[in-house]
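Student: For reference, the chains in residue letters:
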Amino acid sequence: VFQTTLAHIATQLDAELIGDPACMISAIATLQTATPCAISFLANPQYQAQLTASQAGGVIVGPRHRELAMARGATLVVSDPYLGFAKLTQWWVTQTRAVCEPGIHPSAVIDPRATVASTAHIGPLVVVQAQAVIGDGVEIGAHSFIGQRATIGAYTRLAPRVTFHADCHIGTHGLLHSGVVIGSDGFGFAPTQGRYEKIEQLGGVRIGHHVEIGANTCVDRGALEDTIIDEGVKLDNLIQIAHNVHIGAHAAMAGCVGVAGSTIIGAGCTVGGAAMILGHLNLAPGVHVSAASVVSRSISQPGQYSGFFPIADNASWEKNAAIVRNLTTLRDRVRRLEKI
Amino acid sequence: VFQTTLAHIATQLDAELIGDPACMISAIATLQTATPCAISFLANPQYQAQLTASQAGGVIVGPRHRELAMARGATLVVSDPYLGFAKLTQWWVTQTRAVCEPGIHPSAVIDPRATVASTAHIGPLVVVQAQAVIGDGVEIGAHSFIGQRATIGAYTRLAPRVTFHADCHIGTHGLLHSGVVIGSDGFGFAPTQGRYEKIEQLGGVRIGHHVEIGANTCVDRGALEDTIIDEGVKLDNLIQIAHNVHIGAHAAMAGCVGVAGSTIIGAGCTVGGAAMILGHLNLAPGVHVSAASVVSRSISQPGQYSGFFPIADNASWEKNAAIVRNLTTLRDRVRRLEKI
Amino acid sequence: VFQTTLAHIATQLDAELIGDPACMISAIATLQTATPCAISFLANPQYQAQLTASQAGGVIVGPRHRELAMARGATLVVSDPYLGFAKLTQWWVTQTRAVCEPGIHPSAVIDPRATVASTAHIGPLVVVQAQAVIGDGVEIGAHSFIGQRATIGAYTRLAPRVTFHADCHIGTHGLLHSGVVIGSDGFGFAPTQGRYEKIEQLGGVRIGHHVEIGANTCVDRGALEDTIIDEGVKLDNLIQIAHNVHIGAHAAMAGCVGVAGSTIIGAGCTVGGAAMILGHLNLAPGVHVSAASVVSRSISQPGQYSGFFPIADNASWEKNAAIVRNLTTLRDRVRRLEKI
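Protein chains in written order, with our numbering: chain A, 1 to 340; chain B, 1 to 340; chain C, 1 to 340.
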């Protein structure tokens with residue numbers, strides 16, 4: 001088991017340490033579950049009561065909770081404790097996870113016309129096709145597929161079983177989770193005589209630096225031009241990004257979201273889980289869509305937008321839904337009363 | 001083609017048989033489609049009329065339909081006919097499906113530090129990493145991936161193409177369908193200066209015995225502690241289970257459901273298709289959520305809960321939705337009328 | 001880079017060409033982005049203004065825009081310009097994409113009892129099990145899996161990483177995208193004593209000719225009879241089709257749709273993104289369901305149907321949702337006023 005000291009952690013986080021620098025730490029934990037061998041953190045002030053009661057060997061806090069934390073025990077003060085916690089987890093992983101050695105697993109099937117950096121790691125049973133370019137320090141997990149002319153930027157990691165199609169591109173320091181499909185065909189057909197004629201999707205997908213995409217999420221290739229995901233975007237699991245969508249920098253979307261074709265999502269937008277954004281819309285930067293809401297029109301003003309039917313016990317819902325189904329009648333009854 | 005007799009089936013189901021024990025049966029079918037070579041069942045009393053008209057060689061019924069069934073033809077009486085049907089399908093499969101022979105396919109890539117039971121079946125092109133433990137009678141389908149230190153309990157089956165990440169665990173007699181991802185990173189970031197800093201997900205996933213998980217469903221690993229799925233849980237396809245969710249024993253969820261982070265779902269809950277459960281909530285045991293409903297608050301009382309906008313012809317919906325969008329106005333008009 | 005002439009394109013599309021037949025074309029583009037080396041098209045009359053301003057080397061139009069287009073420059077006239085565009089993309093792909101050579105990649109694992117046409121292409125690390133039949137001109141992408149007795153009709157293409165289970169069948173000229181799972185178990189259990197007993201799914205999946213299924217979409221096998229997808233159906237990404245659903249010919253569904261068990265969807269229906277269709281329903285041919293709508297009852301009349309809560313700024317939504325939650329109260333207040 002990995003062990004370190006509070007002093008070492010304080011150095012990593014550039015934190016002020018008040019308490020025993022030699023105290024041994026072997027875990028990161030929440031305030032409630034931390035033992036004296038664990039380090040914890042207080043980011044959300046509503047957990048302040050848990051701070052006082054915590055058994056943690058040390059607690060990372062911001063300047064405003066410095067006194068309260070010191071009264072409890074060992075304290076690490078940083079300007080942003082949630083960011084400090086994030087950086088601690090990142091450093092922790094460098095100390096505890098197995099390193100991927102550079103090299104190509106002998107079971108991988110690499111086209112001789114592909115370019116693979118000597119510092120890249122290619123896992124077992126990976127397929128890399130002709131003219132693909134795999135950058136420095138890239139990790140490609142088992143069972144992943146890289147299509148023709150695709151490029152994977154330096155230090156980007158693909159978990160096992162990622163499918164990254166031909167003519168798609170991702171920048172550096174990205175992370176694609178298992179089951180991701182980048183560059184499947186957009187859904188485009190010309191209706192004719194009661195059936196559909198396929199419109200071949202000739203664009204690709206362009207993904208910026210520092211993008212993370214969750215498990216089983218799909219990003220379709222563009223019809224003529226590329227589907228674009230800008231720098232720093234974070235997508236959760238099971239999201240559908242249709243063809244020719246453009247997601248602005250540092251936008252984030254929770255699981256099960258759908259974005260229909262050609263919609264433009266501004267920088268810094270957030271979309272809650274299972275929200276649905278229709279096609280050919282434009283969301284201004286700084287629009288925040290609540291979970292399970294349906295965006296059916298463009299939104300030009302930043303702010304929080306919501307829209308889902310409130311849940312209730314089934315009998316109440318049935319009654320309310322019946323009235324909703326006939327709201328014009330209720331409105332007309334009010335009109336009639338007003339005319340009396 | 002597999003054939004058996006009514007007598008043999010009656011023995012398997014511990015059923016009382018009224019009719020010719022030597023009658024040959026080569027299929028299981030619904031009452032409507034059954035031929036004299038097929039066995040059928042009556043579980044839902046609303047199909048009673050179909051019983052009388054059925055051509056089935058034999059029908060499984062409960063005690064209350066014994067006389068009605070006997071008047072038609074050969075009858076197998078069991079205490080719970082739907083359960084009897086379920087057990088019949090299970091026995092049928094043992095007689096008709098190819099057995100997976102124990103052993104490791106030569107194309108599989110097994111780390112020498114992994115432990116694979118000699119009675120386990122490892123399919124073609126499977127990857128098993130170091131320190132993983134594969135139990136007795138386990139079946140791992142083609143293209144599946146088992147990460148470091150993961151454990152697969154005895155008699156659990158993984159369909160082709162399941163990704164089961166490092167430090168995740170499943171009990172015995174489980175069934176994971178194709179495309180399942182267990183242990184992808186939870187969606188955790190610390191926002192800082194207009195971008196997101198990744199919080200590495202240090203927990204794992206712990207799954208109990210007798211759990212079934214549907215195709216392309218994702219279960220994220222926990223941030224610090226494990227995501228937990230208790231014994232007997234059944235999840236359908238394309239479900240998203242976020243980090244640190246806890247699903248209680250024998251809960252069941254239909255397809256396309258999303259459960260956001262840290263939510264606790266009580267034992268025996270059911271969730272209808274495409275329902276969405278927000279994060280950090282607590283659903284008491286025995287809560288039943290209807291399809292397409294959004295759970296935005298904790299629910300402490302068992303019962304059925306619903307909430308979706310009723311569908312209508314498009315013109316009616318547009319009118320009703322416009323009124324919903326201005327319901328405060330309608331309410332204020334009623335208030336004014338009341339004050340007259 | 002591929003280059004052709006306007007004359008050559010006109011011949012391919014059976015179009016009347018007005019303009020320089022020798023004009024070189026190396027791209028297809030939208031009216032707005034087209035350069036003189038690109039060919040474009042006007043299908044939607046609302047983009048008429050873009051036509052006049054376009055720099056395209058040639059524009060495909062219908063008869064009604066012939067004069068307008070000619071006033072701008074080189075013009076190709078066809079009866080249906082969107083269909084013409086579709087066919088142009090199809091021809092373009094035949095000229096620009098690498099041809100899949102017939103043959104079986106040496107890394108594929110093919111059961112000797114499978115039948116693979118000599119004109120089929122089997123990619124790297126594909127698994128084909130016993131008694132499977134792969135037709136003429138079929139392409140099976142890397143990492144795909146074909147189960148026992150499954151049949152793949154002539155000229156059908158499977159992208160990399162498709163899982164096509166035992167006893168499932170697809171006709172000719174189909175296209176299955178990455179991550180598709182055909183024939184996973186339907187979600188069927190008999191509840192007994194607080195737990196669930198599995199109902200083995202003994203049916204398969206039958207898919208007609210010219211069917212396209214999007215990335216990570218799942219089609220479950222039937223309980224006793226087959227799940228059926230008729231000719232010409234188009235399914236987008238991340239769709240869930242439950243057991244024993246029947247989708248009629250030339251129906252189309254956008255991403256994230258769910259269809260619950262045993263529902264019958266008529267020919268030519270369309271379903272918008274993230275709509276949810278409950279189980280055991282019947283949708284008549286020509287029913288069109290809007291995005292994000294929940295179909296909770298059978299629909300016997302063709303037409304457009306909708307139902308989702310309108311989005312608003314969060315504060316407005318909260319107020320309106322609170323009133324919706326108590327609509328019976330508002331209705332009762334109106335009643336009382338009427339009785340005065």
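Keep in mind that a hint or two might mislead.
No distinction is drawn between identical chains; accordingly, a pair holds when it is met within one copy or between any pair of copies.
To be verified - Cross-link-like lysine to any residue pairs, in silico, SDA-like; alpha carbons within 20 Å at most:
#1 Lys339 x Asp230
#2 Lys319 x Asn282
#3 Lys198 x Ala249
#4 Lys319 x Arg333
#5 Lys198 x Ala29
#6 Lys319 x His246
#7 Lys319 x Asp332
#8 Lys198 x Ala166
#9 Lys198 x Ile264
#10 Lys198 x Ala27
#11 Lys319 x Thr329
#12 Lys319 x Gly73
#13 Lys339 x Thr329
#14 Lys198 x Ser262
#15 Lys198 x Thr119
#16 Lys339 x Thr52
#17 Lys339 x His246
#18 Lys198 x Glu225
Calculated directly from the structure, the hints in this document are not laboratory data.
Student: Run every hint past the structure and note whether it holds.
Tutor: Consistency of the hints with the structure:
no. : hint            : verdict
1   : Lys339 x Asp230 : neither (56 Å within a copy, 56 Å between copies)
2   : Lys319 x Asn282 : neither (36 Å within a copy, 24 Å between copies)
3   : Lys198 x Ala249 : between (32 Å within a copy, 16 Å between copies)
4   : Lys319 x Arg333 : both (18 Å within a copy, 15 Å between copies)
5   : Lys198 x Ala29  : between (53 Å within a copy, 17 Å between copies)
6   : Lys319 x His246 : neither (41 Å within a copy, 32 Å between copies)
7   : Lys319 x Asp332 : both (19 Å within a copy, 12 Å between copies)
8   : Lys198 x Ala166 : within (19 Å within a copy, 28 Å between copies)
9   : Lys198 x Ile264 : neither (24 Å within a copy, 25 Å between copies)
10  : Lys198 x Ala27  : between (54 Å within a copy, 18 Å between copies)
11  : Lys319 x Thr329 : both (15 Å within a copy, 11 Å between copies)
12  : Lys319 x Gly73  : neither (56 Å within a copy, 46 Å between copies)
13  : Lys339 x Thr329 : both (15 Å within a copy, 17 Å between copies)
14  : Lys198 x Ser262 : within (18 Å within a copy, 29 Å between copies)
15  : Lys198 x Thr119 : neither (41 Å within a copy, 23 Å between copies)
16  : Lys339 x Thr52  : neither (64 Å within a copy, 53 Å between copies)
17  : Lys339 x His246 : neither (51 Å within a copy, 52 Å between copies)
18  : Lys198 x Glu225 : within (17 Å within a copy, 31 Å between copies)
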